[in-house]
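Undergrad: Sequence:
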Amino acid sequence: MEAEQLTQLIKIISASNLTEFQYEEENMKLIIKKEGTTQIAEPILENKGGPKKEDRSDVPADVGEDNLEGNVVVSPLVGTFYSAPAEDAMPFVQVGEVVRKGQTIAIVEAMKLMNDIECEFDGTVKEIFVKNGQTVEYGQPLFLIG
Numbered sequence: 001m002e003a004e005q006l007t008q009l010i011k012i013i014s015a016s017n018l019t020e021f022q023y024e025e026e027n028m029k030l031i032i033k034k035e036g037t038t039q040i041a042e043p044i045l046e047n048k049g050g051p052k053k054e055d056r057s058d059v060p061a062d063v064g065e066d067n068l069e070g071n072v073v074v075s076p077l078v079g080t081f082y083s084a085p086a087e088d089a090m091p092f093v094q095v096g097e098v099v100r101k102g103q104t105i106a107i108v109e110a111m112k113l114m115n116d117i118e119c120e121f122d123g124t125v126k127e128i129f130v131k132n133g134q135t136v137e138y139g140q141p142l143f144l145i146g
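Residue numbering for the sequence shown follows full-length UniProt numbering, beginning at 1 and increasing consecutively.
No lab work stands behind these hints, which were simulated from the structure alone.
Incorrect hints may have been included.
[Claimed, not checked] Mimicking EDC-like on lysine to aspartate or glutamate, the simulated pairs with C-alpha atoms at most 20 Å apart in a straight line are:
id	residue 1	residue 2
1	29	69
2	126	69
3	131	116
4	11	24
5	112	69
6	126	87
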């Protein structure tokens, strides 16, 4: 199979509803698999001053007001929260750990796409509001960074 033919084949399969294609010749085997469509996550909005006292509706009810001094990292999309890169791996961060802006602190899976949640602030993890495997909503607080 020539490169031009291969390119045309990939374009045709990409435009089709096929999820898997397999082709074999004497000395070549080609397998093309498509995952479901991906959804681009909305950008993470930076919360510079922490939550305002009068606007606490998005904070879980079991979080006391004294614990909210710092910056809240919120979920940028609806999905499943994962605190570690794999089931048997250590969590990205734990309470009391120092984190840096841009550091991956969790993953939110949405539509089979893993989205790294990066810390928006330098500081120390004061609180983790959600548990591993929990479904999270857009804008839901995930971490308190102080």
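Undergrad: Does each hint fit the structure? Answer for all of them.
TA: Against the structure, the hints:
1. Using a Cα cut-off of 20 Å, the hinted pair residue 29 and residue 69 is violated, with the two alpha carbons roughly 58 Å apart.
2. With a C-alpha separation of about 9 Å, the suggested pair residue 126 and residue 69 falls inside the 20 Å cut-off, and the hint holds.
3. Proximity of residue 131 to residue 116 is assessed by CA-CA distance (about 16 Å); at most 20 Å being required, the pair is judged to hold.
4. The hinted pair formed by residue 11 and residue 24 meets the criterion: a straight-line CA distance of about 18 Å does not exceed 20 Å.
5. As the CA atoms of residue 112 and residue 69 are separated by approximately 34 Å, the hinted pair breaks the 20 Å bound.
6. Annotation: proposed proximity of residue 126 to residue 87 is violated, straight-line Cα distance about 23 Å (limit 20 Å).
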